[in-house]
Amino acid sequence: MRSTKQSVVVAGLAIAGLALGACGGGTGAGTAPGGTAGGTGEEAKTIKLVAAEYSKDHTKAFWDAFAKTYHEKTGYTLEVQVVSWDNIDQQSSTMIQNNQAPDILNLNAYASYAKDGLLYDSDAVLPAVVKDDILDTFVKYGTYQGKFYGFPDLSSARAFFYNKTLFQQAGIAAPPKTWTELEADAKKITALGGGKVGYALPLGPEEAQGEFSMWLFNNGGDWKTDGNWVINSDKNVATLGFLKKLADEKVTQNNPARTNRADAFDLFKSGTAGMVIGFSPLAADLDKDKKVDYAVAPFPSNDGTESKTFGVTDYLMAFKKPGNEKAVKAFYNLYYTPDQVNTFIKAEGFLPVTKSGVAYFSNEKALQVYLNTLPNAKLTPTDDPTWDKVKLAVQQNLGGAMNGSPKATLDGLQRTAESGG
Amino acid sequence: MSNSTTVSPDPAPVAGSGDRRSRMPSRTGRRRRAGRIGQVHPLVALLWLAPALALILGVVLYPAIKLFDASRGEYSITGLRKGDAGWDNYVKVLDHPDLGTVLRNTVVWVVAVVAITIVLSLALAQFLVKSFPGRRFVRWAVIIPWAASLVITSQLFVLLYDYNYGIINHVLLNLHIIGTPIDFLGDDSWTMFSMVVVGVFVSLPFTIFVFIAGLGAIPDDVMEAATVDGASPWQRYWNITLPLMRPALMIATVLNVIYVFNSFPIVYTLNDRNPGYLHDTTITFMYKLAFKSQEHDVGMSAAAGIFNVLLILVVVGIYLKIINWREETSR
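Residue numbers (this note's numbering), protein chains in the order written: chain A, 1 to 421; chain B, 422 to 752.
These are computed hints drawn from the structure, not numbers from a lab.
Glycine included, each C-beta is placed from N, C-alpha and C at the ideal position.
One should not assume that every hint holds.
Calculated pairs, DSS-like style, for lysine-lysine (alpha carbon to alpha carbon, straight line, at most 30 Å) [stated by the list, open to error]:
#1 Lys503/B to Lys320/A
#2 Lys503/B to Lys329/A
#3 Lys713/B to Lys60/A
#4 Lys56/A to Lys713/B
#5 Lys187/A to Lys329/A
#6 Lys224/A to Lys131/A
#7 Lys503/B to Lys378/A
#8 Lys235/A to Lys503/B
#9 Lys164/A to Lys308/A
#10 Lys224/A to Lys147/A
#11 Lys147/A to Lys713/B
#12 Lys115/A to Lys487/B
Stretch-level coverage of chain A by chain B, calculated; a stretch enters the list once three of its residues show a Cβ under 8 Å from a Cβ in chain B [what the hints assert, rightly or not]:
#13 93-104
#14 110-116
#15 250-257
#16 389-395
My request is simple: use the sequences and hints to build the entire structure.
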């Protein structure tokens, strides 16, 4: 009998321990959101930021320093979680599913969140001076149904990169001004042999919409005009047809439909590709490697008219949670001070989002090409929640046109867009 | 994705349990019977079982309930639950135009990887039980693919397979076996083959060690008797080794089927440049539905997850049934 009693005691202890452990886990997980949100009317002293990782070296360092300054200046505490781009969609979706949204989320889309009524608009949390300072283009694309929700954290603009050494070897004097010239130059570079690639064309799922945007804007096309989707317009079909022609003529790298942007950049960085659409972080990498003698030029337009650039901005959006308004407003107030926002942008190698930022960076020679075009940059229709799904459809389907019909591919995308994703 | 981590085989206890079961009853069973087996109060038994039960409830049942709950919800692209969807998500998954492709890929992937792994492992295990100088190092070397993270291994193969810089193409070109590089990951006729190679590569270590254990459990005297009776090596292998290896074969097959079926990193990493679902299995299909595709729908993905669980249960059930049936008829 003694042994039975002992086993009861031991088993009882085991269960107690397990139950305690479970409770500990439970309360731990439970208080995290509770602590940040606070009760109604009660003011949140701690807010949470989920930030995307632009670079291993700078992103976390910047936000940690920022959190420190924020605490010193405002008395609020900022919890920072840096998440890689690969995971951030999944993480943010899971957080919202479990009712544990952060107070501030850094992402490349905002309109769907605004549509779901999850976000504060600028009237609630963005100081008026800050709103006035943000470049008009970004205010325009950050506005959903008349209210400004998508506060930009940084921006980038695409430009045309070419390998000067390869251009010289192929006997090309100047960067192309029209698509006909670009095609001819690509042929000359490919003809050099040795696996050289005229134009590196990434239409893989990573960022097909970016590559295609640059091309279609420079053929006078667009994704959406006057509130209507025009994805399968004649101009866009012609644009995609031209890309298919480049691929068929084998002046691009092998299998453009299955090449991601990072792979295309690698081809350019290794000196294999003659031309590619790049942006300032690619320039930073090239400058660091010092392997390729390159130059940056405006992207050629089809007919030689003035080049248009494709701009991209990411967002810092504010989630509605009881009592966090003041702390969130203090966050934006601090982030958009020239010291903070420009330091971040400079470290990450991107472009400013504010008028004061454009002035601040105006003496940076390397950025001139982009800065001049930035105020007139065209963006994808990020202000339409449907775009968040159309973008994914473009990423998954655009490449299909390389082995099929450009018209059919774009018709399919148009249908997706018109049916609301 | 969550179930891929929970069901990945933990080979150490499994490999051991086979022979433990065969030896233990003779000793402990007899002692128990001599002692007081009926005297443990049911409540006490329950108390002892409680930690395990709590774990099962918490780690298996609770997530399963949450998954089912999610599969019945209507979700916005942001992850916000907008209401109940009833069975809509299930209908949408079954109606998905690419479902046929995905199912076919899954069957090809699982059957090819498991079959090739089993055959190769049988041969390699036979080789590794022989004693030869340096056997220890060879055995260690065999474990390495298993010790490395799947994502790292897959990424490594992406580099090996690369069209422009990959060493495989480099070697084949230099040996003049091919004239132009092969696009192992981008060419539709090569992609599945390339994935299967990696799948076999990472499944081999576990399987080989299960078979080594199985070969070690075959008594020498049976073999000797067969040799004395004049059985040829091939007859000995076919009529003695293989039948006695049946438990090991069964464990290896079932666990590999589950493991390979649930394998996410290989299919996802080797396939990330390919748009659509051309080479996806049901597991990566589920992930893409939730986060990458134009559907971007957590509810639909959860419904696909439920189908995945049912599918693997059915496959394992059928397999076990076949094994039982064979054992009964062979008696």
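Hints versus structure:
1. Lys503/B to Lys320/A: Distance ~17 Å between Lys503/B and Lys320/A Cα, so the pair holds.
2. Lys503/B to Lys329/A: holds, 28 Å
3. Lys713/B to Lys60/A: holds, 26 Å
4. Lys56/A to Lys713/B: holds, 24 Å
5. Lys187/A to Lys329/A: Answer violated: Lys187/A to Lys329/A is near 54 Å, above 30 Å.
6. Lys224/A to Lys131/A: holds, 26 Å
7. Lys503/B to Lys378/A: Outside the cut-off at roughly 33 Å; violated.
8. Lys235/A to Lys503/B: violated, 38 Å
9. Lys164/A to Lys308/A: holds, 23 Å
10. Lys224/A to Lys147/A: holds, 20 Å
11. Lys147/A to Lys713/B: Distance ~28 Å between Lys147/A and Lys713/B Cα, so the pair holds.
12. Lys115/A to Lys487/B: holds, 26 Å
13. 93-104: Check passed, 5 qualifying residues.
14. 110-116: This one holds; 4 residues, not fewer than the three required, reach chain B with a Cβ under 8 Å.
15. 250-257: The restraint on the region 250-257 of chain A holds, since 4 of its residues have a Cβ under 8 Å from chain B and three suffice.
16. 389-395: holds (count 5)
Taken one by one, the earlier hints fail for this structure at numbers 5, 7 and 8, listed in ascending order.
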